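**Q** Sequence:
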Amino acid sequence: MNIQLTISMLVSDRMETLGKCLASLKPLLRELDSELIVVFTGKNEETLELVRQYTSHIIPFTWCDDFAKARNAGLKEGRGEWFLYIDDDEWFEDTTEIIQFFKSGEYRQYQSAFYVARNYLDFQGKRYSDGGVGRMCRLTPETEFVFPIHENLIPLAEPCKHLSAFVHHYGYARKERFEEKDTRTSRNLPLLLEMYENNPTSPLCCMQLAQEYRSVSEFDSAVEYCRKGLWLARREKRIYNYELWLQVNLPLLIFYTDDLRLALEEGERILKHPRTLEAGALHLSIMLVTVCRKLREYRKGLKYVRLYHEKLMYLLTHREKAMLQNAAEVTFDMAAKEMVPVYMDGLFFALEAMDFQMASQLLTWIPWEERERVFPHYPRLEEWKKEYQGKREAILGVYASLDTENPYVRIQKVLYAESQGHLEEAKALWRKCADDCPDGFQWELIEIAVRNQFLLEPMLKKMPPEAWNEYAEAVTGNKKWTEMEAFYPKLMPLLDGFPFYRRRLDQCYLEKLLTRELLEASRLRDLLMGYCESVLTDAQAVYKEEALAAPETYALPTRYRFAVALKKALDHIDEGRFKDSLTLLKEGGLIYPQMSGAVSQLLRNLEEELEAQSKRAPEEFTVLGGQVKQVLRGLIEVKQWNEAYGVMEQLLPLLPEDLEVLRMKQEILRLGKQG
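Just so you know, the sequence shown maps onto residues 1 to 675 in the working numbering.
In short, the hints are calculated from the structure, not lab data.
The reader is advised that the hints may include incorrect statements.
Unchecked claim - Pairs of lysine-lysine residues, derived as DSSO-like cross-links and limited to a Cα-Cα distance of at most 27 Å, are as follows:
id, residue 1, residue 2
1, K586, K629
2, K479, K462
3, K26, K76
4, K490, K512
5, K567, K512
6, K427, K479
7, K20, K126
8, K490, K386
9, K432, K391
10, K490, K479
11, K544, K579
12, K337, K300
13, K126, K337
14, K432, K303
15, K385, K294
16, K69, K43
17, K20, K43
18, K432, K300
19, K391, K479
What the hints assert, rightly or not - Have a look at the derived ranges for each label pair, beta carbon to beta carbon:
id, residue 1, residue 2, range
20, R299, L423, 20 to 26 Å
21, R604, E383, 41 to 47 Å
22, E383, Q420, 20 to 26 Å
23, R604, G576, 36 to 42 Å
It should be emphasised that the depicted structure is a prediction, and the values quoted were computed from it without experimental measurement.
Idealized CB from N, CA, C, for every residue including glycine.
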């Protein structure tokens with residue numbers, strides 16, 4: 001019987017991933033004439049029990065710090081035409097392509113193959129990098145693993161097939177999450193240095209040493225071995241993937257030493273070298289854009305933004321080269337992910353270089369239809385537009401010319417139509433924006449609607465109350481009072497048919513008004529009563545009557561609890577129960593500090609009223625005082641100043657707060673002196 005494929009794997013005791021790994025191999029074992037060989041370096045019987053469900057070909061191996069020896073133990077017992085290996089903390093997403101590769105007979109045209117390792121940097125699976133790994137080849141007597149660490153399968157002869165099938169690998173995410181100290185580095189370095197002593201002309205050894213030194217932030221040593229490795233690699237006839245890694249990482253490692261000028265010069269030298277491939281130039285241009293930003297070399301930065309775009313477009317149309325030109329952490333997909341950040345840097349470079357033509361072109365390069373990719377950069381686009389203030393109309397004009405349904409661009413098209421006086425076009429575009437508005441831009445749409453009196457109904461139908469609540473607080477909090485005074489009466493009519501939204505805006509407006517200026521006592525009470533009634537109307541729509549009757553017991557939101565307390569206090573004031581209202585007002589200020597200014601005003605008014613009451617004469621004194629005042633008026637009329645002064649002295653203690661008595665006193669003193 002002919003075995004088509006030998007699958008070999010090292011198994012320790014990673015039970016959390018081993019089950020997934022083995023399960024992902026099941027289709028290969030089922031669909032192909034294949035064998036699974038497990039080299040077992042673990043200790044747990046539970047691990048062996050799981051492995052035995054899939055294969056009986058298990059090779060016990062005592063760990064000796066040599067991955068090549070361990071791998072070779074499995075390889076030597078392989079009987080397949082082809083050989084594939086995988087780690088026990090990886091698992092295939094889908095093996096259909098590999099199965100088809102063998103079933104169709106296509107494998108006969110090749111000597112080796114790569115599949116993809118997807119290395120995750122978080123457990124949510126959002127941050128990852130894809131890299132081709134040469135882990136499949138035709139099994140010959142010469143096939144073996146070399147190097148005790150960072151082992152390589154050789155020879156990976158041409159022609160080589162690059163498959164898109166990939167394995168998931170969360171090892172880096174696990175290390176990052178638990179902040180594990182990389183003990184492997186201290187273990188690996190002596191082994192790598194020994195390997196280098198035995199193979200001083202190996203650029204691969206130099207690359208591995210550079211990687212190890214980088215991992216412990218010894219960048220000067222990393223630069224030294226990276227430079228040596230690149231020099232050695234250039235002496236070889238063929239360009240291998242390690243040379244690509246060395247090309248890209250030498251200026252990057254120099255960058256990490258903080259010698260930005262040398263990093264720029266080294267990167268430029270490597271770009272000009274005839275052995276630098278398109279993928280290398282693509283990655284180098286990303287790094288050089290970053291260096292130029294740090295050095296404020298904006299025109300040169302634009303040069304490398306253009307180079308990035310040129311190489312990216314080339315590799316997009318030459319997908320085979322994009323797949324072939326890859327190394328660890330140096331892949332087309334990784335470079336393509338930097339597209340929007342590079343173009344964003346380019347926009348700011350163009351701003352500094354006053355190159356509006358380039359800025360316009362960059363806007364056309366941004367992949368607007370890839371919304372999730374572009375969305376995080378909207379704030380930077382807004383910042384850029386603001387800084388390029390003198391070119392605002394021209395920028396909006398470029399946006400207006402873009403053939404895209406991107407919601408951010410559509411908002412710019414509304415602004416352009418508005419600026420050109422094309423209000424019907426602006427209105428039609430605005431309605432589309434209201435149906436499809438990116439987070440954070442509702443404010444902009446409302447501003448446009450208020451300026452042009454567009455009804456907000458299409459937008460409010462899609463806007464949840466929580467979002468409107470945030471908007472109402474933000475607009476009243478951020479606008480200057482003079483702006484808000486003009487904005488508020490224009491906005492309120494646009495909220496017809498949405499009573500909650502009207503009330504909530506009104507509440508926020510009143511909170512700002514009541515806490516920013518001193519108000520006449522009666523107006524203050526009227527505004528506070530209107531505020532309470534508005535808030536309690538909202539509360540009645542949400543809460544049962546018993547909850548509103550005991551807001552503290554039911555832990556109502558602070559605004560509602562404040563309104564209940566304030567309403568009771570205002571009712572007491574209207575009934576003349578000033579002292580009863582004082583306690584409620586003081587409690588209210590503590591419940592909802594945002595309104596403490598208005599509450600303090602009301603408290604001062606009450607205290608003044610209470611003080612006036614305490615000084616007010618009893619009713620019988622008031623009657624007697626009125627009679628005495630009549631006598632005093634008669635004495636003033638006949639100009640009997642001395643008698644009038646004596647009566648006035650008796651009247652003042654009866655009516656100390658009476659302003660007419662104080663005026664009479666001044667008249668007696670002034671005219672009596674003249675007489």
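**Q** Which of the stated hints cannot be reconciled with the structure, identified by number in ascending sequence?
**A** Hints 1, 11, 14, 18, 20, 23 are the ones this structure does not satisfy, whereas the remaining hints hold.
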